[in-house]
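Undergrad: Quick note: the sequence shown, position 147, residue 147 per our numbering, numbers continuous.
You may find that some hints are simply not true.
[As the list claims (entries may be wrong)] Computed cross-link-like contacts, BS3-like style, restricted to lysine-lysine with a CA-CA straight-line distance of at most 25 Å: (1) LYS114 / LYS103; (2) LYS114 / LYS146; (3) LYS128 / LYS79; (4) LYS65 / LYS134; (5) LYS84 / LYS146; (6) LYS87 / LYS146; (7) LYS103 / LYS128; (8) LYS65 / LYS146; (9) LYS87 / LYS65.
In case anyone wonders, no lab produced these hints; they're calculated from the structure.
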Amino acid sequence: MKTKWASCIWLVLFGVGLSFGQGKAMEVNNYRFGQPEHYLDGYSMNFQYQNGVAIHMIFYDGRAKYEWVGGPSRGNGNKDIAYKSLKIGDNLYLVSWHETGLKDYLTLVFDFDKMLMHNSIIIGYRNKPERRLKTILQSGIIDQLKIAE
1 MKTKWASCIW LVLFGVGLSF GQGKAMEVNN YRFGQPEHYL DGYSMNFQYQ
51 NGVAIHMIFY DGRAKYEWVG GPSRGNGNKD IAYKSLKIGD NLYLVSWHET
101 GLKDYLTLVF DFDKMLMHNS IIIGYRNKPE RRLKTILQSG IIDQLKIAE
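Given the sequences, and given the hints that come with them, work out the whole structure.
TA: Laid out in structure tokens, this is it:
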């Protein structure tokens, strides 16, 4: 009988404790769904993949610009590409954009503390014979980083 009373008292106290815990004000969520974020505006950098291919990239006014500065595509690039970004940690950003003309979709993670970049790219999703569909997952080293002031 004592065990039943002890269990009953414990359940009541636990329930009261839960009700007090739920009365706390929740932290305000300032995330704006559907609003593009441009955290990297004003940033520029080079990054080099493990195979030696290198890119120079600039972010400005909600847009991105890149040029291949090393490897077989040297001199090629694109500009005025609308991008979105999300801050996922201290000096850690998730960035994506869609290159509609090329039919490519890119997702990149920039880790400015470790000076690393990781990507996942769907290339040529229209799957035309001259530009066959493929996916790429690779990492690179960031250098010559200039951060927005």
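Undergrad: Can you list which hints this structure breaks, lowest number first?
TA: Hint 1 contradicted; others consistent.
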